[in-house]
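Chemist: Sequence:
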Amino acid sequence: MPTISRFYGIVVFINYRDHAPPHFHARYGAQEVTIEIQTGTVTGKMSRRALNMLFDWLDLHRDELMDNWNRARNGEPLQEIPPLL
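Here the sequence shown stands for residues 1 to 85, numbered as in our numbering.
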């Protein structure tokens, strides 16, 4: 699983040739979620604090996430995305 960002113990990744709709995965300890890039719809469970950080990060990097989603679908190398500071 190609990691594209890490911050505050959260690891964010996009899998190559994953199913639609465009989304990314995030882990925080033993918790894992999938978040749709366009809508912010969450599948899975994660602490509210970690989810809020992910939503803030998503708002800042939506275009970069879509670019990485398209790269992954085409089997191209993914670009690292800056962490939430």
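Some clues are possibly wrong.
Here are the in silico distance ranges between beta carbons for each label pair [as the list claims (entries may be wrong)]:
| no. | residue 1 | residue 2 | range |
| --- | --- | --- | --- |
| 1 | A30 | G75 | 19 to 25 Å |
| 2 | E76 | N52 | 16 to 22 Å |
| 3 | R49 | G75 | 33 to 39 Å |
| 4 | E76 | A30 | 18 to 24 Å |
| 5 | N70 | G29 | 25 to 31 Å |
| 6 | F55 | D18 | 30 to 36 Å |
These are calculated hints, taken from the structure and not from any lab test.
From the three backbone atoms N, C-alpha and C, an ideal C-beta is built for every residue, glycine too.
Chemist: Are the hints correct? Go through all of them and say.
Modeler: Consistency of the hints with the structure:
no.: 1; hint: A30 x G75: 19 to 25 Å; verdict: violated, 30 Å
no.: 2; hint: E76 x N52: 16 to 22 Å; verdict: violated, 31 Å
no.: 3; hint: R49 x G75: 33 to 39 Å; verdict: holds, 35 Å
no.: 4; hint: E76 x A30: 18 to 24 Å; verdict: violated, 31 Å
no.: 5; hint: N70 x G29: 25 to 31 Å; verdict: holds, 30 Å
no.: 6; hint: F55 x D18: 30 to 36 Å; verdict: violated, 20 Å
Violation of the numbered hints given earlier is confined to hints 1, 2, 4 and 6; the remaining hints are satisfied by the structure.
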